[in-house]
Each structure stands twice: as C-alpha cells, then as structure tokens.
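Taken in sequence, the protein lines are chains A and B.
First residue of the first sequence: 8, per our numbering; consecutive thereafter.
First residue of the second sequence: 8, per our numbering; consecutive thereafter.
Don't take each hint at face value.
If chains are identical, the list can't say which one is meant, so a pair holds when it fits in one copy or spans any two.
Within a straight-line C-alpha distance of at most 20 Å, the following computed SDA-like cross-link-like pairs (lysine to any residue) qualify [said to hold, decoys possible]:
1. 135 <-> 275
2. 135 <-> 194
3. 135 <-> 277
4. 135 <-> 40
5. 135 <-> 261
6. 135 <-> 278
7. 135 <-> 274
8. 135 <-> 42
9. 135 <-> 284
10. 135 <-> 283
11. 135 <-> 276
12. 135 <-> 66
FYI, nobody ran anything at the bench for these hints, they're computed from the structure.
Number of protein chains: 2
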Amino acid sequence: MAAVTVAATQFACSPIAAENVARAESLVRAAADRGAQIIQLQELFETPYFCKDQRADLFDLARPAEGHPTLARMQELARELEVVLPVSFFEAANNAYYNSLAVIDADGDILGLYRKSHIPDGVGYQEKFYFNPGDTGFRVWDTAYARIGCGICWDQWFPECARSMALMGAEILFYPTAIGSEPNDPDYSSADHWQRAMQGHAACNMVPVVASNRIGREDGSTCSLTFYGRSFIAGPRGEILTEAGDQEAVLTAEFDFETLRRQRAGWGLFRDRRPDLYTVMMTLDGQNWTE
Amino acid sequence: MAAVTVAATQFACSPIAAENVARAESLVRAAADRGAQIIQLQELFETPYFCKDQRADLFDLARPAEGHPTLARMQELARELEVVLPVSFFEAANNAYYNSLAVIDADGDILGLYRKSHIPDGVGYQEKFYFNPGDTGFRVWDTAYARIGCGICWDQWFPECARSMALMGAEILFYPTAIGSEPNDPDYSSADHWQRAMQGHAACNMVPVVASNRIGREDGSTCSLTFYGRSFIAGPRGEILTEAGDQEAVLTAEFDFETLRRQRAGWGLFRDRRPDLYTVMMTLDGQNWTE
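Input sequences plus hints: build the corresponding full structure.
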C-alpha cells in the first residue's frame, strides 16, 4: 500500500454548535486539500467543554448515535472527500451517557462506536458527573487507508489502552482531546507531561500517534479553562513530527504502514512480551490475585 | 521522609573483570560523595557485553548468586556507604542461566533477586542464546530509602513491566542497561527512541525513572558494538532532569517521594484504570480469549 497522510486539527469552540460544526468541516476540507486521508477532530467539538461544571441541564447536549445530525453531516463529508473521520460526540443511550466516538470510513459508513473507557474527575474536568465508563472495550477499525485505533482524551494517559489497540493490530493511534489549564493550579501546564505520555505509547508500540486538542479560553459557571492546543503527530519512535501551538491549526504527516510493520517486527517488542507475568495489571492495587 | 538522592553511573568496560569491578566501586563512591543513597550501576558491568556473539564458552562467566564474589564486595560497599545498590550479574542456577539483579540494601543485606523477564534477540544482542526468560516476575523492594522497582535493559521497553512495578507501589524505577549501535544498521541510533520509551513510563506512572547504560566500543568475534551511554534520570512527568553523553558519568537527582505520592493520587491515573477491559494484554496476538 502507498503512503497514507493523516491529519490533526485544532480550533476554539464557540457557544454556538452550528458554528463549531461549520469550523470543523472547514478544517476537514483544509486537511483534505493537503492530501489527508484520515483526519482527527478534537474531542466534543460541537460545544464548549461542558464538563467544567456539574450541571444536570447539560445532559440535554447528548444525542443518540442513531440519527445524530452532526454524525450524518460528517458522513456526507467523509463520502464527498473520501476521508476517514473518527468523530467525537456526547452520546445518549437510554439512561446511560457516554463520551463516544464514531469511526466514519471513507465511503461515509459508520464502522462502529468506541466509548471512552477512562473517565477523569478533577476541578474543571468533572467527567464522572456526565459519563458512564465506556463499555465497548478498546477497538480497532479496518478503514479504507489503515487499521486505526482510537482512544478519547484521558484514555491517552493509559499505556493499557494504547498497548491493547496495538496488540489488536492498530497501525496508528488517534486521540481527540480537551485538555488545558488546571483551575486549582493556575501556574501549572500539563502540556509537556501530556505529550510525553503519548510519545511513550508511540515509542513502546512503534506506531504513530495523532492527538487533536482544542484551544481558547472558555468560562464555566464555577471555573474557566484555557485549552493549550499543542496537537501533534508523533512517529513510531515517539518523535514529534509536527506540533501546533495555541492557534488554530491543521497538521499532517505521511506514513508507509508496510515499512512500519517490518520495522516493528524487526525490533522485537511484540515477540518478547511475557503475558504470563502480567497478571498484576489486572488489579487496581497491585495485589496479585493469582498468588 | 526527607528527600532521597539517587544516582546513575556509566563507564566503559575493559576485558578485565577486576578492573571493571574497581571502576564500578569508584563510581559508587563518587555518587555517595555527592549524597546519593540509591545508586544504579550499568547492566553486566563485570565484563564486556558478551552477548555480541553466540559462544558456548562464555557461559563460564556466570556465577551462582550464593557466594558471588562481586555481590559480596558490593554488599560490603553498600554497608560501608549506607547506600542501596541494585547490582546486575550473570547468574548460573543449575542448568538455568539468568540475566539477574540483586538488590542490596543500605545495611548490606541482599533483599532478593529479580531475573530479566524480556529477553531480546538481534544482531549484536544475542541474549536468547544465553538467558532463560526470568521466572521471578516483576518485584519491588522496600529499601532503606524508598520502595524501588528494577527492570533490566530490554524490560525498559515494556510498559507492562513499569506499570506492574508502579501498581506494586514502586516509588521510583531503575534500569541497568547495555545498549548501543546496531551492526545491521550502522547509521541508526536507537538512543532517542530508547529514552522516549522510558520517559513515557515515568509520565504514565508518575514515578521517576533512572537508567544506567554503558559506553565505549567493544569488539566481538562476529561484530562490534559502540554503547551510547545517554544514562539519565527522568522526573515523574517524564521530563529529563539530568543526562549523560558518551563519556564516563555520575548523575544524581533528588526526590521527595511523599510529595510525588500526593501528586500521583491527585492526578487520578491509578484511580481511573479499567482492568475489566485489559484482558487483551494477556495475549500475544490480540485475540481475546474471553470473547
């Protein structure tokens, strides 16, 4: 297979959903113009990041995947441009609510859903109030251009998520994100920490990693957040290939997945694993139930 | 508890074991002079890195842990300087041979052995010829100054190893190493890739990582290797705090493990894990036996 071009985008979300969807579409078009075939939009891009506060009325932002108007529009866009779009959305599913992602293939078909597995909770990031922990497990998707794995934001901190997707044959990992300032620690930026965690996934699994974050200041009822952007694409040794600052951006990089597959096999990391020794990973507290 | 100072050392190994042990001792003394309380020596420092070639006669380099003269000398040194020494050695155990590490506490007692779990194999690094895959599993050690986890070289590429030790309460991770040039790919250096993998472990587990590599050119029967050094100490967000080049070095850094424990709890990565979704990690090929 020839080389595949992938993209990460970032923009500031306005309070008006229609504006955000239009902005997302224009960035997808800009990425496609630059040859991108798989394009990652940021997490929950239809709205401001509503998890700043615990507000029951904001559950109204959730929609079922079936008949979701933004997903339908992104399906049209994917079909027109022949691009793969992993699209983040707030999913209502009866009494359950998920931080979900629909993978739209280059023919516009939805290949399926992934629901965010790791749910954060902290000042400014009240996600445990809104989202059930995802029940889909980690998934990979045979798209028109590559087998891709997608995690969502906080998932990106967990080596288990990246490793699982790589074990299932993901050739590249995508992470839509919403991360920025810490209201309780205004002088601290997690941006470098955040990048290094994912560079580590790329390095340890020898697959590229694409992260798309939002930018801009957003004011909630109880706090304000400034999202730091820093969207990036890392190569299969964890090297940053391209990186945004805190301005609107479209980043692209090209990969030959056949070459990367041979490189991965030759380095031996997936040959020398020891699942017989990994049972402690199935615990939360390090107490090994097999002992 | 007050802050703890840790050290990584690196030096070039000569063909004469007594010289290497003396050099190791002098670097431990130099580190202790700078206040270091836990000091990491490089992998298999008693000899040149013999795994360059497949030679049956080199099994004679292995010794049982019991009565091992270098371990005994390092026990004396640890007791004298009141330092913790995780000491790498080639272990003979009846018909089994291991790439092992004895953790010597600050009173000179050996707390136990860890045997390298992940065994590499490639041109210049013929470890599967010499070493049984370790059977101890990952271990942590309550030393005089901290609960430490130790992996050995190739282990440092595996997120499972780092995560397991962190889950068992390791406050800091140590990795003795022997890594350098690739005879089949003379223009390539894995040094950056190698560092990023471990920076990722530090970032994802929010524990410091100490890596000690050897330096110098060594000629084997079938190939030569040039070890790149680049020993380093990374902080709990994956940041490189201090790093060597390709010259002899003693690196130190100081950590307050109580502060790091609170930082780790506050960030939530160990709260939000999902072992129910990690079963695929227990496979080699991503086929989930629970489905």
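Cross-check of the supplied hints:
1. For a Cα distance limit of 20 Å, the shortest separation of residue 135 from residue 275 across copies, 12 Å, qualifies, whereas the shortest one inside one copy, 39 Å, does not.
2. For a Cα distance limit of 20 Å, the shortest separation of residue 135 from residue 194 qualifies neither inside one copy, at 25 Å, nor across copies, at 49 Å.
3. Taking the shortest alpha-carbon separations for residue 135 and residue 277, only the inter-copy value of 15 Å comes in at or below 20 Å, while the best intra-copy value is 34 Å.
4. Neither within a single protomer nor between protomers do residue 135 and residue 40 lie at most 20 Å apart by alpha-carbon distance, with minima of 38 Å and 49 Å respectively.
5. In this assembly of identical chains, residue 135 and residue 261 lie within 20 Å of each other by CA distance neither inside one copy nor across copies; the values are 36 Å within and 35 Å between.
6. In this assembly of identical chains, the alpha carbons of residue 135 and residue 278 lie at most 20 Å apart only when taken from different copies (12 Å versus 37 Å within one copy).
7. In this assembly of identical chains, the alpha carbons of residue 135 and residue 274 lie at most 20 Å apart only when taken from different copies (14 Å versus 39 Å within one copy).
8. Neither within a single protomer nor between protomers do residue 135 and residue 42 lie at most 20 Å apart by alpha-carbon distance, with minima of 38 Å and 44 Å respectively.
9. Taking identical chains as interchangeable, the C-alpha atoms of residue 135 and residue 284 lie at most 20 Å apart only when they sit on different chains, with a minimum of 18 Å there against 32 Å within one chain.
10. Within a single copy, residue 135 and residue 283 get their C-alpha atoms only as close as 33 Å, which misses the 20 Å cut-off; across copies the closest is 18 Å, which meets it.
11. In this assembly of identical chains, residue 135 and residue 276 lie within 20 Å of each other by CA distance solely across copies; the values are 14 Å between and 35 Å within a copy.
12. In the homo-oligomer, the alpha carbons of residue 135 and residue 66 lie at most 20 Å apart inside one protomer (13 Å), although the nearest pairing across protomers, at 56 Å, exceeds that limit.
Taken one by one, the earlier hints fail for this structure at numbers 2, 4, 5, 8, listed in ascending order.
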